[in-house]
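**Student:** Below, each chain spelled out in residue letters.
Number of protein chains: 2
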Amino acid sequence: MMGSMRNNPLSLLNINSKVAILSHVSPDGDSLGSLIALGLAIKKLCDEVCIFRNDIFPGKYKFLPEYQQVEEYKEDQPQIFDFCFILDCGDAKRLGYSEVILNKSKKIINIDHHVSNTEFGDINLLDTNASSTCEMVYNLLKDFQLPLDKDIATCLYTGIATDTGNFVYDNTTAYTHQVVADLMGFHIDLHKISYHLYQNKPLSSVKLLAHVLNHMEICFDGKVAIITVEDELLKSFNISSNDVDGVINYARDIEGIEIAILLKENTNKEVKVGFRAKKDVDVSLLAGKFGGGGHKKASGAAIEGTIEEVRKKLEEQITIDLGW
Amino acid sequence: MMGSMRNNPLSLLNINSKVAILSHVSPDGDSLGSLIALGLAIKKLCDEVCIFRNDIFPGKYKFLPEYQQVEEYKEDQPQIFDFCFILDCGDAKRLGYSEVILNKSKKIINIDHHVSNTEFGDINLLDTNASSTCEMVYNLLKDFQLPLDKDIATCLYTGIATDTGNFVYDNTTAYTHQVVADLMGFHIDLHKISYHLYQNKPLSSVKLLAHVLNHMEICFDGKVAIITVEDELLKSFNISSNDVDGVINYARDIEGIEIAILLKENTNKEVKVGFRAKKDVDVSLLAGKFGGGGHKKASGAAIEGTIEEVRKKLEEQITIDLGW
Chain A
1 MMGSMRNNPL SLLNINSKVA ILSHVSPDGD SLGSLIALGL AIKKLCDEVC IFRNDIFPGK
61 YKFLPEYQQV EEYKEDQPQI FDFCFILDCG DAKRLGYSEV ILNKSKKIIN IDHHVSNTEF
121 GDINLLDTNA SSTCEMVYNL LKDFQLPLDK DIATCLYTGI ATDTGNFVYD NTTAYTHQVV
181 ADLMGFHIDL HKISYHLYQN KPLSSVKLLA HVLNHMEICF DGKVAIITVE DELLKSFNIS
241 SNDVDGVINY ARDIEGIEIA ILLKENTNKE VKVGFRAKKD VDVSLLAGKF GGGGHKKASG
301 AAIEGTIEEV RKKLEEQITI DLGW
Chain G
1 MMGSMRNNPL SLLNINSKVA ILSHVSPDGD SLGSLIALGL AIKKLCDEVC IFRNDIFPGK
61 YKFLPEYQQV EEYKEDQPQI FDFCFILDCG DAKRLGYSEV ILNKSKKIIN IDHHVSNTEF
121 GDINLLDTNA SSTCEMVYNL LKDFQLPLDK DIATCLYTGI ATDTGNFVYD NTTAYTHQVV
181 ADLMGFHIDL HKISYHLYQN KPLSSVKLLA HVLNHMEICF DGKVAIITVE DELLKSFNIS
241 SNDVDGVINY ARDIEGIEIA ILLKENTNKE VKVGFRAKKD VDVSLLAGKF GGGGHKKASG
301 AAIEGTIEEV RKKLEEQITI DLGW
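Residue numbers (full-length UniProt numbering), protein chains in the order written: chain A, 1 to 324; chain G, 1 to 324.
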């Protein structure tokens, strides 16, 4: 699964290297896990390491060790970086306002497992067979014989667990479980991690889940489920837009559903769309038609128009692409 | 984690041994997985092997390989068995009507991971550190150098995955992941297993979930969630009483909730009550007060009265026991 890497980017670093590490907006377990894990690891090698965020740090992930070391990037920061590691980010545009760091970096190292990666780095380390970017970071550290510790293991575990739907999705391999067995050997607190990931849901988000499942629409002969979340709804449940993303999985998991779609009102002129597929449909193609991307079974796009207009466009595209 | 076993019960068998294999009523993934896995393995060693069920085989698990080989036990069956393997069964009473097989068996081999096991066998192979009975069966087969195959691996994986809440519960260890890595090496169809276990929910059950979460009551300063399911409700959603049990986990997983309670109208005079705890509360004690039992974090009881009466009794008991 992993031979010795001829070009392990960690071998480029020395104690004086100035390093930036960043990941995508709308952070998830894999982006945050890989960000902090690699950050903590590189801090063992270099004196000047900045771990940047370009979005709000989600409260749900504030159990991650050393998460306070993740700094907010400010556009007027003057630093020039020798190396910039970009994690779990298929496209430089997903860096949000931290994209400007690319111009302030001498060497950009792009580490990702998304099929749709645009190879925007000077070095592109892409492994679409890896379950997660955290699994790739694990490989890098192991290959470099950089000793892991409980904090790094906790971050890597979190990314692998969340990106595999807790070892359910097709990206889970025998090797993934081997990696996790090794990580658990560092005495990570599985109970604490599971509590924060799965057993600490705000009541309001559970009530919102109930609401959207009640109002979910099933179309295309029971093959497509559509969940619509207007700004007003989020306000009335007092929930942030990012915190609603998980509801799409409940729609996907219904008998007969092949595609689940989540439509989130973003601005008056744009709708954020999440796609999930269950079996044969490749929703990265569908997202791609609208300028988005992602994985075969999980993808997303931002589409111009009102919710109703976007919905119509999607239904038309599904009919064209799949003959439904 | 597992040395060579001095007394592997498989070493007692020869080609002429008559073997019965059974497990508990209200079967789950671990009981069915271990039942079929050990059954298929012993069929490689002995000519006369009966794999018995003592309950309806749940439709959800009919993806398990060779599940048709699981026979219904009929009380008037005349066989005498040289060996009877009992799997995942803490108490002989949980064998239901198949308990009579014990009297027809020369040697009873009790293989289980429950703390509460009553050691009713002639040989008792108990490992409370094992994630599941399937993990124990894996150890037995490996120790006996009995080659696994895809079918056996599929059954063992299913039991381990379901009994660990998909690798989330505290019983999950580094060794559990090592075992799963090995099982996945037999090219089990993870997608098919996950689909049947998690992605094939009837729409009606998802709609019922939405309904009960909408109507769930939170009391005791946000520490207790109560879900009430009347007979009428099940009828209107066309769902069987057993299929509603999972909703209690959604209540437990809410921030601040320490105890989740599911009240199911059973008959006019009785309410079936399910309890889930998150952290420190031991709900087996609470269930015990009403003649029920179970684990610290999951228990149940059948309590006389109407839903309103039972609810009052429970609230009073919680106040007495916990001072809430």
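Worth flagging that the hints you see were computed from the coordinates, not collected in a lab.
Keep in mind that a hint or two might mislead.
As the list claims (entries may be wrong) - In the SDA-like style, the derived pairs of lysine to any residue whose C-alpha atoms are separated by at most 25 Å in a straight line are:
1) G:K192 x A:N129
2) G:K235 x A:L102
3) G:K207 x A:E308
4) G:K223 x A:S205
5) G:K62 x G:I15
6) G:K223 x A:D151
7) A:K207 x G:S205
8) G:K279 x A:K296
9) A:K296 x A:Y175
10) A:K43 x A:L102
11) A:K235 x G:H211
12) G:K207 x A:I193
13) A:K192 x A:H211
14) A:K62 x A:D28
15) A:K201 x G:N200
16) G:K289 x G:K235
17) A:K150 x G:T173
18) A:K201 x A:N242
19) A:K60 x A:L40
20) A:K43 x A:F186
**Student:** Are the hints correct? Go through all of them and say.
**Tutor:** Cross-check of the supplied hints:
no.	hint	verdict
1	G:K192 x A:N129	holds (19 Å)
2	G:K235 x A:L102	violated (60 Å)
3	G:K207 x A:E308	holds (24 Å)
4	G:K223 x A:S205	holds (17 Å)
5	G:K62 x G:I15	violated (29 Å)
6	G:K223 x A:D151	violated (31 Å)
7	A:K207 x G:S205	holds (17 Å)
8	G:K279 x A:K296	violated (37 Å)
9	A:K296 x A:Y175	holds (21 Å)
10	A:K43 x A:L102	holds (20 Å)
11	A:K235 x G:H211	holds (21 Å)
12	G:K207 x A:I193	violated (29 Å)
13	A:K192 x A:H211	violated (29 Å)
14	A:K62 x A:D28	holds (12 Å)
15	A:K201 x G:N200	holds (24 Å)
16	G:K289 x G:K235	violated (31 Å)
17	A:K150 x G:T173	holds (15 Å)
18	A:K201 x A:N242	holds (14 Å)
19	A:K60 x A:L40	holds (20 Å)
20	A:K43 x A:F186	holds (19 Å)
This entry does not satisfy hints 2, 5, 6, 8, 12, 13, 16, going by the numbered hints stated previously.
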